[in-house]
Amino acid sequence: MKKLNNRIYKDRDVSLASGAGMAVLKQVVAILIVSFLCGLTFNVVSPNGIDILNNPWSKRATRNLTHHTEYDTQVVEDEAIVFIGFDRACQFIDNREGIILDARIPEAYRQGHISGAHLLSFYEMSKYYPKLKEQLEVSPSILIYCGDISCEDSEFLANELLYMGHAPIFVYKGGFEEWKKKQMPVERGTEEGEVQ
Amino acid sequence: MKRLLLHPLMVWIYRIVVAVVLLYAGVKKVWMPMEFARLLKEYQILPNQLLNLVAVMLPWIEVVCGVCFITGLWLRGTALLLSGMNAVFGIAIAFRAWLIMATTGIGFFDLTFDCGCGFGVVYIPTKIVENLLLVAVGMLVLFSRREVQDTPT
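Protein sequences, first through last, are from chains A and B. Residue numbers are given in the working numbering: position 159 of the first sequence equals residue 159, and the series is strictly consecutive. Residue numbers are given in the working numbering: position 48 of the second sequence equals residue 48, and the series is strictly consecutive.
Next up, chain A with everything else stripped away, as it sits in the complex (with noise of 0.2 Å):
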């Protein structure tokens, strides 16, 4: 009787727990439904809304992409794209070689830029590459950063440019982080380049 009694209790807790398992797993499936819907809706009547299907990384900015590892000691040619690291892009800044592109997104532009640098965001070129057409066309060379090593937007940015046909163009891959560590200078500003 005793095992009897022990087999329904036994039965029952895996059913119970079963059918509590599917509850949940209910509730998930509800919750990734609601959250889809309320994405989707808020994503057609934001002003910061993005196409779902299409996004800047075409496979144009993204091609030939490569990783390198050694940038302070060991310059890295793709093509008309060189790959620099802080020392470089000191001398770069210092001799005043070219402009200098920061292609990261409006807001950390204005948070903080190295001195000197013109807004050409990745995710915007439609509305900054114009602005800066005429000063690009005539710059002998050009050098692109963003946020730190692990961004990839400065080679984004890059391989776009190229594509345009402008060039050479030198990628600070160690970025604004790099650049902020070392205590160089740098800008608070509007994208226009005021200096606030």
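Treat the hints with care, since some could be wrong.
Claimed, not checked - In silico DSSO-like links for lysine-lysine, alpha-carbon gap of 30 Å or less:
{"no.": "1", "chain 1": "A", "residue 1": "K181", "chain 2": "B", "residue 2": "K2"}
{"no.": "2", "chain 1": "A", "residue 1": "K127", "chain 2": "A", "residue 2": "K180"}
{"no.": "3", "chain 1": "A", "residue 1": "K127", "chain 2": "B", "residue 2": "K28"}
{"no.": "4", "chain 1": "A", "residue 1": "K180", "chain 2": "A", "residue 2": "K131"}
{"no.": "5", "chain 1": "B", "residue 1": "K28", "chain 2": "A", "residue 2": "K26"}
{"no.": "6", "chain 1": "A", "residue 1": "K180", "chain 2": "B", "residue 2": "K28"}
{"no.": "7", "chain 1": "B", "residue 1": "K2", "chain 2": "A", "residue 2": "K26"}
{"no.": "8", "chain 1": "A", "residue 1": "K133", "chain 2": "A", "residue 2": "K180"}
Claimed, not checked - Quick list of the computed label-pair ranges, beta carbon to beta carbon:
{"no.": "9", "chain 1": "A", "residue 1": "E187", "chain 2": "B", "residue 2": "T71", "range": "43 to 51 Å"}
{"no.": "10", "chain 1": "A", "residue 1": "D94", "chain 2": "B", "residue 2": "F108", "range": "28 to 36 Å"}
{"no.": "11", "chain 1": "A", "residue 1": "A167", "chain 2": "B", "residue 2": "L133", "range": "47 to 55 Å"}
{"no.": "12", "chain 1": "A", "residue 1": "K181", "chain 2": "B", "residue 2": "N48", "range": "42 to 50 Å"}
Unchecked claim - Which chain A residues stay away from chain B? Per the calculated CB distances, all over 12 Å, these:
{"no.": "13", "residue": "L25"}
{"no.": "14", "residue": "A30"}
{"no.": "15", "residue": "R88"}
{"no.": "16", "residue": "I93"}
{"no.": "17", "residue": "G98"}
{"no.": "18", "residue": "I105"}
{"no.": "19", "residue": "K131"}
{"no.": "20", "residue": "V138"}
{"no.": "21", "residue": "S139"}
{"no.": "22", "residue": "P140"}
{"no.": "23", "residue": "E152"}
{"no.": "24", "residue": "L162"}
{"no.": "25", "residue": "A167"}
{"no.": "26", "residue": "P168"}
{"no.": "27", "residue": "E187"}
In case anyone wonders, no lab produced these hints; they're calculated from the structure. The C-beta atom is built at its ideal place from N, Cα and C for all residues, glycine as well.
Given the coordinates of chain A, work out where chain B should sit on it, guided by the hints.
Quick look at chain B alone, frame taken from chain A:
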């Protein structure tokens, strides 16, 4: 100890704290989907075609989970989702940390980057511990409810 951790008042405190974190992080990302997509890209885990969709969806999952944690609606599902998402996110952070360490030679305990969590540049060892804690809180809420609901009467 188990009783204290699973005490209804403690569980309620976990829920509120986690809900506030989820709502803050989610709402911040909801407003900047492209920036979030860019941060997701840096993990090199998702294919490019999925980045925008995930960048639109993920913040809303956080927001909905935050609301559910406060209201108590779909509580166990929320707890399971929270644990699952944070476990996956923790692995993704560790993977990205490993990539950066391998590329730059920076030590694990010197590692900082913007993990896309909605809190800007963060110290990575602390972030991984935070993620483990969130997984644990999710499990606590999940099993605290299970004990109440599944006890045979």
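Has the given pair, K2/B with K26/A, been kept, meaning a C-alpha gap of at most 30 Å?
holds (28 Å)
So is I105/A really clear of chain B, every C-beta pair being over 12 Å apart?
Violated: least Cβ distance 6 Å, not greater than 12 Å.
Is the claim that E187/A lies outside the interface with chain B correct, judged by CB distances over 12 Å?
holds (19 Å)
At the C-beta level, are E187/A and T71/B separated by a distance inside 43 to 51 Å?
holds (46 Å)
Is the Cα-Cα distance between K180/A and K131/A 30 Å or less?
holds (27 Å)
Taking the minimum C-beta separation from S139/A to chain B, is that value above 12 Å?
Non-interface label stands for S139/A: nearest chain B Cβ at 26 Å, farther than 12 Å.
For a C-alpha distance cap of 30 Å, please report whether K181/A and K2/B respect it.
violated (46 Å)
Could you let me know if the closest chain B CB is still more than 12 Å away from the CB of V138/A?
holds (30 Å)
Against the range 42 to 50 Å, how does the distance between the Cβ atoms of K181/A and N48/B compare: consistent or not?
Once the Cβ atoms are compared, 30 Å apart, the range 42 to 50 Å for N48/B and K181/A is violated.
Going straight from one Cα to the other, do K127/A and K28/B come out at no more than 30 Å?
This hinted pair holds, its Cα atoms lying about 24 Å apart.
Test the statement that P140/A is away from the interface with chain B: the closest C-beta pair must be farther apart than 12 Å.
Nearest chain B Cβ is 30 Å from P140/A, so the label holds.
Keeping to a limit of 30 Å between CA atoms, is the pair of K127/A and K180/A held or broken?
Given pair K127/A, K180/A holds - Cα atoms ~27 Å apart, limit 30 Å.
Hints 1, 12, 13, 14, 18 and 23 from the earlier list are contradicted by this structure; the remaining hints agree with it.
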